[in-house]
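Asker: Spelled out from the first residue to the last, the chains are:
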Amino acid sequence: MARAPARGSIVARNVFDGIQRVSAYEAVPGYPLLAQAGLSMREYFAPWRHQAWVFGGLALGQCALILAAAWVIDRAQARQVRARQQLAQLASERGALLDNELVPMVRLRDRHEVWHNRALAEMFGYSAEELKGQSARLFYPDDEAFERAGRGYRRMPPSGRFRAQIPMVRKDGRRLWVDLSGTYLPGGDSLWMMVDITAVKEREEQARHLALHDALTGLPNRHLLQESLGLLLRDAERLESPLAVCYLDLDGFKTVNDERGHDAGDALLRAVAQRLNEQRRGNDVVARIGGDEFVVVLSHLDAPEGEARAVERLMQCFDTPFAMPDGSEARVGASIGVALYPQHGREATQLITQADQAMLAGKRAGKGRWTMHRPVQPAA
Amino acid sequence: MKSLDSQYVTDSLARFRRHLALGVALLLLLVAGGTSLALWESHRDQAAEARQAAANVAQALARNVATRLKLADNALQAALMQVQGQALGSAASAAEADRVAQTQQALVPGLTQLLLVDAQGRVLNPSAGVSLTGTARELFNAVKAAPSRPAMADMPREPAGGGWGLMLAHAQVDADGRFTGAAVGLLATEQLAEDFRHADLGLEGVAALRTRQLTLLARQAPGDGSAVPGIGSA
Chain A
0 MARAPARGSI VARNVFDGIQ RVSAYEAVPG YPLLAQAGLS MREYFAPWRH QAWVFGGLAL
60 GQCALILAAA WVIDRAQARQ VRARQQLAQL ASERGALLDN ELVPMVRLRD RHEVWHNRAL
120 AEMFGYSAEE LKGQSARLFY PDDEAFERAG RGYRRMPPSG RFRAQIPMVR KDGRRLWVDL
180 SGTYLPGGDS LWMMVDITAV KEREEQARHL ALHDALTGLP NRHLLQESLG LLLRDAERLE
240 SPLAVCYLDL DGFKTVNDER GHDAGDALLR AVAQRLNEQR RGNDVVARIG GDEFVVVLSH
300 LDAPEGEARA VERLMQCFDT PFAMPDGSEA RVGASIGVAL YPQHGREATQ LITQADQAML
360 AGKRAGKGRW TMHRPVQPAA
Chain B
0 MKSLDSQYVT DSLARFRRHL ALGVALLLLL VAGGTSLALW ESHRDQAAEA RQAAANVAQA
60 LARNVATRLK LADNALQAAL MQVQGQALGS AASAAEADRV AQTQQALVPG LTQLLLVDAQ
120 GRVLNPSAGV SLTGTARELF NAVKAAPSRP AMADMPREPA GGGWGLMLAH AQVDADGRFT
180 GAAVGLLATE QLAEDFRHAD LGLEGVAALR TRQLTLLARQ APGDGSAVPG IGSA
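Which chain is which? The protein sequence lines are A and B, in order.
Residue 0 is where the first sequence starts when you use numbering that gives the first Met the number 0, and the numbers rise one by one after that.
Residue 0 is where the second sequence starts when you use numbering that gives the first Met the number 0, and the numbers rise one by one after that.
Since the hints were made in silico from the structure, they are not lab data.
For clarity, every value in this text was computed on a predicted model and none was experimentally measured.
Using N, Cα and C, we set each Cβ at its ideal position, and we do this for glycine too.
Hints may contain errors.
What the hints assert, rightly or not - Derived list of chain B stretches under chain A, where covered just means 3 residues or more per stretch with a C-beta under 8 Å from a C-beta of chain A:
no.	segment
1	19 to 33
2	108 to 119
3	184 to 190
4	196 to 205
5	209 to 221
Said to hold, decoys possible - Non-contacting residues of chain B with respect to chain A, defined by C-beta distances greater than 12 Å in every case (computed):
no.	residue
6	Ala54
7	Ala59
8	Leu60
9	Ala61
10	Gln81
11	Gln83
12	Ser92
13	Gln104
14	Arg136
15	Glu137
16	Phe178
Based on the sequences and whatever the hints tell you, model everything.
Answerer: Below, the structure written as structure tokens:
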């Protein structure tokens with residue numbers, strides 16, 4: 000007030016009523032007086048306080064919204080991180096499953112490698128680097144097999160699977176039998192799984208051989224004989240070519256077997272089988288159908304009396320003694336019954352039976368000869 | 000590829016939460032700071048507005064008081080002019096002085112006393128019932144010493160009749176500039192306070208009139224219901 004005697008203002012709390020006021024004073028013009036007006040701060044600021052409460056409430060609301068949003072974001076992030084962890088775990092597990100040494104797998108794009116596992120490289124004998132980006136042709140033995148597999152793959156529906164057992168080839172040239180299965184992947188790639196079934200195929204072949212061949216001599220057995228004779232008969236019919244079924248029984252084999260033992264008998268049978276097999280021409284079949292009995296099918300007997308010459312050659316097989324493993328020799332003969340296609344029959348079983356009967360008739364007439372089947376003449 | 004084991008998840012979430020908490024804290028700080036700043040600014044504006052409003056009221060009050068005092072001074076001056084040249088000591092002149100004084104008193108609300116005094120200090124209107132003593136004499140001496148300036152007491156006075164009043168004096172000089180007498184009036188502070196009643200002070204506001212020495216002459220506080228307490232104190 001000393002500094003501004005004419006007018007001024009102060010904010011002070013009144014000691015008597017305790018009210019804080021903003022007070023202004025003004026000198027009364029022409030008189031040594033001061034007019035003073037004091038307005039209550041509480042009263043004057045009432046609208047401001049209301050506004051401040053509104054603002055404060057809004058600010059608190061904003062803070063609550065921010066905290067709520069942060070909570071939601073935190074929950075979402077936690078869920079996302081956990082989902083990523085599960086995805087990574089799945090990817091890791093998938094990677095461990097795929098990149099194994101047991102099941103060869105390869106991922107192809109346009110029939111070119113984009114990924115493969117260790118088992119595949121190991122199965123085909125390549126290093127991982129050698130297979131990078133290579134065409135799948137590398138695994139096929141020839142272009143035809145590659146194209147055939149490609150055609151099968153192209154016929155596969157988008158949601159389907161391709162599966163086939165096909166031969167493939169290793170880097171060192173060794174053939175493999177592979178059970179190949181493939182499926183489309185999203186994005187145009189395809190995933191192929193290959194199982195080496197070479198051993199299975201070999202065992203199958205072995206089992207088939209055992210089922211159709213005589214274990215002692217390696218010659219076709221009765222089943223294969225039936226099958227082969229059926230095929231030869233169809234060829235003969237198609238080509239109108241004659242065919243002879245020769246039923247052969249050894250003479251003197253029982254003596255060798257009884258006197259020199261079963262091993263000698265077996266050796267003799269193997270030697271007979273080898274000698275008969277050596278006489279085999281083209282599509283001829285030599286089979287052992289039991290004991291000391293053999294069947295020889297002679298095909299393409301186009302020349303006149305061709306069957307007689309062929310049977311004579313068979314008989315000549317027994318002209319010389321057979322060498323035994325102990326260095327000794329054994330001599331056996333043969334009785335042969337012959338049935339002809341088409342003169343005596345058109346069925347395999349029928350021809351074999353006729354040849355057997357002819358052989359038995361020949362044995363009754365005297366061993367060491369061949370006998371043509373004689374059809375029974377109907378009674379007049 | 001980085002392994003996403005449970006420890007990684009825990010660490011990753013902890014790291015994210017630290018960043019989120021930092022971001023949230025910054026946002027909260029921003030909101031709180033912005034709100035505080037806005038409130039502080041508006042409070043400052045409101046305070047300035049309050050100061051200006053108080054200053055406006057004070058200015059209006061000062062002008063009202065000045066007008067009221069000027070009116071009273073004019074009444075004193077008019078009374079002096081009307082009794083000028085009249086023979087002193089006669090009963091007629093005393094009666095005329097009484098009439099003049101009463102007329103002027105009636106014209107100015109709150110002017111509770113009006114003494115017409117000659118140059119020797121003799122009261123010309125005896126019906127006023129008061130003599131030139133105390134503050135009245137001091138004011139008489141003051142205007143006698145400096146006739147060109149009206150005088151006013153620096154303390155309120157509570158006469159025997161009750162109520163507080165502010166004493167004023169105005170001198171009269173002749174054509175030669177000689178002091179010929181003075182008029183002394185008492186203006187009721189209650190009247191001044193009545194003028195304050197019209198000011199917009201709110202329920203807890205207060206208006207006051209003080210001397211330069213801060214002695215309270217009049218006070219109006221709508222909440223108090225009385226304008227009297229404290230008058231005469233600093």
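Asker: Now, for every hint given, state plainly whether the structure supports it.
Answerer: Against the structure, the hints come out as follows:
Counting residues of the segment 19 to 33 of chain B whose CB falls under 8 Å from any CB of chain A gives 9; the rule of at least 3 is met. Proximity of the segment 108 to 119 of chain B to chain A, defined as three or more residues with a beta carbon under 8 Å from a beta carbon of that chain, is not established by the 0 residues found. By the rule of at least three residues with a Cβ nearer than 8 Å to a Cβ of chain A, the coverage given for the segment 184 to 190 of chain B is violated, with 0 such residues. Residues of the segment 196 to 205 of chain B with a Cβ under 8 Å from some Cβ of chain A number 7, which satisfies the need for three, so the listed coverage holds.
For the segment 209 to 221 of chain B, the stated coverage by chain A is satisfied: 5 residues place a CB nearer than 8 Å to a CB of that chain, which reaches the threshold of 3. Distance to chain A contradicts Ala54(B) as a non-interface residue, since its nearest Cβ pair spans about 4 Å, not more than 12 Å. Chain A draws Ala59(B) into its interface by the beta-carbon criterion, the shortest separation being 8 Å against a cut-off of 12 Å. Listed as outside the interface, Leu60(B) is inconsistent with that label: its C-beta sits roughly 4 Å from the nearest C-beta of chain A, within the 12 Å cut-off.
In this structure Ala61(B) is not separated from chain A by more than 12 Å, as the shortest Cβ-Cβ distance comes to only about 4 Å. Residue-level check passed: Gln81(B) sits 23 Å from the nearest beta carbon of chain A, beyond 12 Å. Residue-level check passed: Gln83(B) sits 24 Å from the nearest beta carbon of chain A, beyond 12 Å. Distance check for Ser92(B) against chain A: the nearest CB is about 32 Å away, which clears 12 Å, and the non-interface claim stands.
The beta carbon of Gln104(B) is kept farther than 12 Å from every beta carbon of chain A, the shortest such distance being approximately 20 Å. Listed as outside the interface, Arg136(B) is consistent with that label: its C-beta sits roughly 19 Å from the nearest C-beta of chain A, beyond the 12 Å cut-off. No Cβ of chain A approaches the Cβ of Glu137(B) within 12 Å, the least distance being about 15 Å, so the stated non-interface status holds. Every beta carbon of chain A lies more than 12 Å from that of Phe178(B), the smallest distance being close to 21 Å; the non-interface claim holds.
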